[in-house]
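K.L.:
Sequence:
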Amino acid sequence: MSVAIVGAALFLMSSLPAGAQAQAAGAAAAADPEVVRWAFISAAVAAGLSTLAAGYAVAVVGSAAVGTLAEKPELLGRVLILVGLAEGIAIYGLIVAILILNRA
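The numbering of the sequence shown is the numbering used here, which starts it at 514 and goes up by one.
Read the hints as simulated data drawn from the structure, not as lab findings.
Even glycine gets a Cβ: it sits at the ideal position worked out from N, Cα and C.
All clues given are correct.
Cβ pair distances, simulated, as ranges:
(1) P546 / V609: 19 to 27 Å
(2) P546 / I608: 21 to 29 Å
(3) D545 / G597: 37 to 45 Å
Let's have the full structure, built from the sequences with the hints guiding it.
P.N.:
This is the structure:
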């Protein structure tokens, strides 16, 4: 328990200076409207393309999963994990978009 408290304290103490530096860099970049415009465009592209890729991946993996489950229903757990990994592509794109917007 005490190791977790010490770890949390070290994390908080090390992240505070980085947050102050990020705010200073963000304030300088936010002054330029061209930077903000391109940040919104790049965030939209990151989220949109990753969502399209995730949709394609789920379609391919899902159709193979249905075929597999028709033959071997005991593989349901493994199939669900593979479909979840395909859906993770969209989540990664959303995280990248959020990180881009936090920099603008």
